[in-house]
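Chemist: Sequence:
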Amino acid sequence: MNACCFTAASGGDMPLSRSTTRSARLTAAPLSYAAVIERAQRAELNGRRSDARALYEVALLRLAEATDESDASNLLRWIARTHRDDADLDLTLDCAEAALAVAEAHAHRGALRHASSLVAAVRVQQGDLDEAERLYDTAQEGAIEDGELTLVAMTAQNLGVVASIRGDADIALQYYRKSLTGYRTLGMLQDVCVVLNNLGLLLTQLERWDEAAESFDEAMRAAKQLRDRAGQMLVEMHRAEWSVAQGDYAGARSASERARLLGILVKDAPALGALHRVIGVLERECGNFDRAEEHFGMAHDIGTARQDILLLADTARELAELRRRQGRNRDALEGLNRAQCLFLQLRARREIVDICQRTVKLEGDFLEVARRWGTSIECNDEYTQGHCERVASIACALAAADGMSGQSLFWFRIGALLHDVGKLMLPAGVLNKCGKLSADEWAAVRSHPVAGVSMLSEVEFPWDVSPIVKSHHERWDGAGYPDGLAGDAIPRVARMVCIADVYDALTSERSYKQAMTHDAAMAVMRADSGRQFDPDLFALFERVAGLHAEAWTKQALGERDVNDSWQVAAPRSDDETGAVLLTDACRFRLTEDVFGRFTECLAGDAGGEPGSGP
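Under numbering that gives the first Met the number 0, the first residue of the sequence shown carries the number 0, and numbering increases by one thereafter.
Each hint should be verified, as a subset may be incorrect.
Stated by the list, open to error - So the derived label-pair ranges between C-beta atoms look like this: (1) M424 / D247: 46 to 52 Å; (2) G286 / S446: 38 to 44 Å; (3) T516 / A427: 27 to 33 Å.
Hints listed in this document are in silico derivations from the structure and should not be mistaken for laboratory results.
Small disclaimer: the values here were computed from a predicted structure and weren't measured.
We put the beta carbon where it would ideally sit given N, CA and C, even for glycine.
Starting from the given sequences, assemble the full structure and let the hints guide the process.
Modeler: This is the structure:
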């Protein structure tokens, strides 16, 4: 999108490129100084950046023939531009800084502003939109003051790019139209083509299809008139995006193939990276997942080589959608997290909202998996309904007090809801038996943590819930099951769920017992602190329970209030990584109601011995 931006950076003397030997040969060419520059610009336009760079260096060696004192700065800037298009940002910034230094030394205000704009383009590529915007604004103010109409149009175009990335569509449209008017007035057809391309892409994103098509058609006419293959490639690529967005995959394939063939001739790395992303989207939508992955991989490689944050973010988002369709939900969420971090760096509001929506959808998919397991449990004992919901709420309160937040707390809650999922493998007669269990029945009960881990092994949770499922019946003194872990060897998350599990078992009414009061339950558990429970976590639990005891007791007795739902998704700072958590209390309650149909007897919950219930 920022194909026409110019950039500049830091450094002293301009470092010569690897084409210096070619420059030496060309110094003897019978070309005038002006003809050398003209040939260099033509080579750059056609994507032959190495040739262009060599010719610009020839011109530098012949500066004595220059009639414009700003030529030295301009040539350094043009060399920097070729390095930028070759993804060598270090050399780009070195040459641009040299251009700035020369312009400052000779008080060439126009050259200085052009060099600053080149630096701004690099900042856009690196994702520093704030600095880019500052540089463009400064350059535009000076250009307006001096009546430098070319730079006014150029900075307006690039400020439109920044606004478009951030999702400020109205502002972007204003800048693009201002730039378009300026370039048309100046008769700068190549730049008109670039603006029309960006304008058409923005209108596509806004689903203003006819206006977008008109922009692309005009851009193509201009590119053909100029014999600008790079411009034609961009038009065809954006036409492919336009077609994909409307579900016209045949049209998209034709346009993308024309763009690909032009790309072979142009070898324009920035456009090729974007083209691979577009083709990847097309192949994904057509169900060709292997080909889609191949193109996304090439787009990612080009984005990495070029340090192109926008391309990397767009590619990560589209690859995440591919992973979702492949059923690789954990990879999909991780990809969305990567894209989110990059878009946050760009402050791309529209894309961030889109990722939020995609993330919530994926989280909903995980909850649906849990819901399907829960609905398979049939239980007629109303006394034990809601146990998993209450355990999850109690455990989350403890985990939050222990410092857990955001994404981790979200998935911790899912793990707590699933802590007894292995009981789906138990015979109903064993699960609901309140009398003494036989040795075989007790062995079956003790196997449910391992069975639960096995059941969950094929589900790619972004956060590992298996330690909760497997180890919530372990004891601090090592007398628990299934592995006899002791002390800190027991995963901390499992120690927290163990405390919540036992507390709910003690304070819940069952068919064979009355519910204990909060104080009575705490007295029983306090006696087991350091034996069954982590003593430090239990001390923290006592403080947390003191704040929530009344609400928990009501829930255990069936007096639940949906407004008391424990909120697990706290707002995160912009620089915090991880999935965006826009969770819904009602959605959690529905899921937890389902899981509340697990049935178990008190001693089993509390890590009982043979002869007690499950």
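Chemist: Determine for every hint whether it applies to the structure shown.
Modeler: For each hint, the structure was consulted:
Between M424 and D247 the C-beta distance comes to about 50 Å, which sits within the given range of 46 to 52 Å. About 41 Å separates the C-beta atoms of G286 and S446, a value consistent with the hinted range of 38 to 44 Å. Checked against the hint of 27 to 33 Å, the C-beta distance between T516 and A427 comes to roughly 31 Å, which is consistent with it.
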